[in-house]
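Asker: The sequence shown begins at 1 in this note's numbering and counts up by one.
One thing to keep in mind: the hints can contain errors.
Mimicking DSS-like on lysine-lysine, the simulated pairs with C-alpha atoms at most 30 Å apart in a straight line are [to be verified]:
#1 K104 to K78
#2 K28 to K78
#3 K126 to K28
#4 K126 to K78
#5 K116 to K131
#6 K104 to K131
#7 K78 to K114
#8 K104 to K116
#9 K131 to K78
#10 K114 to K28
#11 K126 to K116
#12 K28 to K116
#13 K116 to K78
Worth flagging that the hints you see were computed from the coordinates, not collected in a lab.
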Amino acid sequence: MKTANKITRLAMSLILFCTACQLQAQTKVTTLSVGDSGIHQSSAACLLNVQTTEFDNISEWGIVYSTNHNPTIENGLKQTAQLQKPSDARGKQVVVWLTDLTSKTTYYVRGFVKMKNGNVIYGNEKSFATKVPTDTDHPRRK
C-alpha cells in the first residue's frame with residue numbers, strides 16, 4: 001500500500017510539473033517593430049503581441065527597455081500594457097507607450113509576460129533611437 005501511494009504521488013508530481021512546463025511553452029511574446037512614426041524626442045510607441053492559451057495565468061505584461069542589450073525586468077525599466085486584462089489583447093497588436101526617454105539615445109526593448117507562478121517570458125529584442133531636438137521643439141518657439 002505504501003508503495004502504491006508513493007507511485008501515485010510521484011505520478012501526480014510529474015503531471016503537475018509537465019503541466020507547468022506546457023503553460024510556459026504555450027505562451028509566445030513577440031516584440032514588433034518600433035516604426036519611425038512612433039518615435040519622438042522623449043517617447044516611443046512599441047507594438048507587442050502575446051499569443052497564449054493561458055491568459056488567466058498572466059499577472060503582468062508589457063515592454064521592458066534599457067540603453068543596454070537584452071533588458072529584463074530586473075535590470076531595465078518596464079512599462080506595462082494598459083488593458084484591463086491580457087485576454088483583451090487576444091489576436092491583437094497592443095501599443096505600449098514609453099515616455100520620459102532621453103533624446104538622441106538608443107534604446108533596446110523586449111516584450112515580456114510575467115506568469116502568476118513568477119516565470120517571465122521575454123520576446124525578441126528590437127532597438128530604436130530617439131530623435132534629436134529641433135528648434136520647433138523648444139517651448140518658447142511653439
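Asker: All hints, please: hold or fail.
Answerer: Right, here's what the structure says about each hint:
1. Taking the CA atoms of K104 and K78, the gap is about 20 Å. The hint holds against a cut of 30 Å.
2. At most 30 Å may separate the alpha-carbon atoms for a hinted pair to count; K28 and K78 meet this at roughly 18 Å.
3. For the given pair, K126 sits about 16 Å from K28 by alpha-carbon distance, which is consistent with the 30 Å threshold.
4. Simply put, K126 and K78 have alpha-carbon atoms about 15 Å apart, close enough for the 30 Å limit, and the pair holds.
5. For the hint linking K116 to K131, the alpha-carbon distance of about 37 Å lies beyond 30 Å, and the restraint is violated.
6. Of the supplied pair hints, the one linking K104 and K131 holds, its CA atoms being roughly 5 Å apart against a limit of 30 Å.
7. For the hint pairing K78 with K114, the CA-to-CA distance comes to about 12 Å; that is within 30 Å, so the pair holds.
8. In summary, the hint linking K104 to K116 is not supported, as the alpha carbons are separated by about 37 Å, beyond the 30 Å threshold.
9. For the hint linking K131 to K78, the alpha-carbon distance of about 21 Å falls within 30 Å, and the restraint holds.
10. Taking the CA atoms of K114 and K28, the gap is about 12 Å. The hint holds against a cut of 30 Å.
11. With a CA separation close to 26 Å, the supplied pair K126 and K116 stays within the 30 Å bound.
12. This hinted pair checks out: K28 and K116 have alpha carbons roughly 16 Å apart, not beyond 30 Å.
13. Distance check on the hinted pair: K116 and K78 sit about 17 Å apart at the alpha-carbon level, within 30 Å; holds.
In summary, the numbered hints that this structure violates are 5 and 8.
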